[in-house]
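Novice: One-letter residues, chain by chain:
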Amino acid sequence: GENVEQHPSTLSVQEGDSAVIKCTYSDSASNYFPWYKQELGKRPQLIIDIRSNVGEKKDQRIAVTLNKTAKHFSLHITETQPEDSAVYFCAASGGNTDKLIFGTGTRLQVFP
Amino acid sequence: DSGVTQTPKHLITATGQRVTLRCSPRSGDLSVYWYQQSLDQGLQFLIQYYNGEERAKGNILERFSAQQFPDLHSELNLSSLELGDSALYFCASSVDQGSNYGYTFGSGTRLTVV
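Residue numbers (this note's numbering), protein chains in the order written: chain A, 2 to 113; chain B, 576 to 689.
The hints are simulated quantities; they were obtained by calculation from the structure and are not laboratory data. Not one of these hints is a red herring.
Below, computed lysine-lysine pairings styled on DSS-like, alpha-carbon distance capped at 25 Å: (1) A:38 x A:23; (2) A:43 x B:584; (3) A:23 x A:59; (4) A:38 x B:584; (5) A:69 x A:58; (6) A:72 x A:23.
Extracted from the complex, chain A is given alone in its bound form (with noise of 0.2 Å):
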């Protein structure tokens, strides 16, 4: 079935530095990539998503970058602030399933 793949699984940087997590899916007929965070003890929450007809998508300090040919995307994030600190987990579906799968998640930590 699909998998997905999150790399790395925690991930320190200093205020104002970028961060950018990476994830592979396994089936080539995902088209649907989105991004949640989730602080401690609380929801994960949708920040941002791509679809497959789009390499590039941008909101604010948040960019997410789709390469379908490699089957993996990433998110970045540019001058990273302390509550930028959370997990971040990675979801692809479509193609063969209409649910979404997740990848094993980023724990960002964003030192003042």
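Given the coordinates of chain A, work out where chain B should sit on it, guided by the hints.
Specialist: Showing chain B alone in chain A's frame:
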């Protein structure tokens, strides 16, 4: 408030017991998904319902069952509870039977089995 309501927020129970977790989806959403998140773990898909019918099943134990009612709320039943069942249980909803518009998660039910 995301619009997805989960009750109760916290539940403490003993091993061997049975509990029911409840989820009301966001208004207009027809699909309900259940996920289990153990401590510092990822989101494990359990089961999906669409408009009252089971749509997809993940790694859901036989001790667990779920259903979606005509008013679209869903219940997840966990029986013969074990210590390892302690986790955050999230419900999510979406407007369609796929995920073309993403999921909206509820705030979760934290289950502690003692």
